[in-house]
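Participant: When we follow the working numbering, the leftmost residue of the sequence shown carries the number 5, and every step to the right adds one.
Rather than coming from a laboratory, the hints here were simulated on the basis of the structure.
Below 20 Å or equal to it, Euclidean Cα-Cα: the simulated EDC-like pairs (lysine to aspartate or glutamate) are:
id, residue 1, residue 2
1, Lys91, Asp57
2, Lys106, Asp82
3, Lys106, Asp81
4, Lys170, Asp158
5, Lys8, Asp82
6, Lys191, Glu180
7, Lys100, Asp57
8, Lys108, Asp81
9, Lys100, Asp81
10, Lys94, Asp57
11, Lys93, Asp81
12, Lys108, Asp90
13, Lys106, Glu130
14, Lys148, Asp57
15, Lys190, Asp158
16, Lys108, Asp52
17, Lys118, Asp52
18, Lys146, Glu166
19, Lys40, Asp117
20, Lys119, Asp36
21, Lys169, Asp140
22, Lys191, Glu166
23, Lys170, Asp140
24, Lys191, Asp137
25, Lys190, Glu166
26, Lys37, Asp117
27, Lys93, Asp82
28, Lys91, Asp52
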Amino acid sequence: MTPKARRLVPNQKPPAYVGFGMLTPVYIMALDKLPKHNTGAIVHEVSDYVYDDAAIIACNLRQWNVSAGMIGTAVGDDLLGHDVADKLKKWGVQGKVRFTKKYKTPLEVNVSDKKGARTYFWQRSEEILSTLDTADLSLIKKSKLLYVDWYDGDTHILRAMEYAKKHNVPVFLNFEHGHQNKDLLKKYSGLVTICQAVTDAAQIGKKQLMLSVARK
5 MTPKARRLVP NQKPPAYVGF GMLTPVYIMA LDKLPKHNTG AIVHEVSDYV YDDAAIIACN
65 LRQWNVSAGM IGTAVGDDLL GHDVADKLKK WGVQGKVRFT KKYKTPLEVN VSDKKGARTY
125 FWQRSEEILS TLDTADLSLI KKSKLLYVDW YDGDTHILRA MEYAKKHNVP VFLNFEHGHQ
185 NKDLLKKYSG LVTICQAVTD AAQIGKKQLM LSVARK
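Let the sequences and hints guide you as you build the complete structure.
Facilitator: As structure tokens, this is what we get:
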């Protein structure tokens, strides 16, 4: 069954930026220091936003009055899912939000301390990510840049990247530490215009350094 969809904003000029990836609401909690296991801590501030990275960029660009669109995973046909759509519409993000009754809207929780370190909890099942495979890509056609995250999986992002190449749209790949995989490097090399890679030891996953440095 095809998920029902809601167009976010009336037809406009093609967006300068199109993000492709996960759509999820997030709660961000700020505290002084992460508590020890099986204890607690005072939270000083809680804010909410729309994640993941592709959506963050779209929302931020709109607040700077840059045209932006989002092609995302389907969200649940529930309160959280409709709140995601409401926020994107409010900020003027172009595209459609698709709703499904097959699963509940995934939720992400980020905990950040005053040193900038971040601990996050997220839901990213294959069932959710697979909805990218049926998303309408037409928003990309006349845009100026497509953004994709490597961690959404090559089986899902390649379709959007190939579509962008077909229509001469530059592709920005957030590759993080994925460049260590030679097979992925070879697979993406002919499709990517801009590649953001990570060489920092903490971001690559060296445990000791990760204690004090946030992953992103």
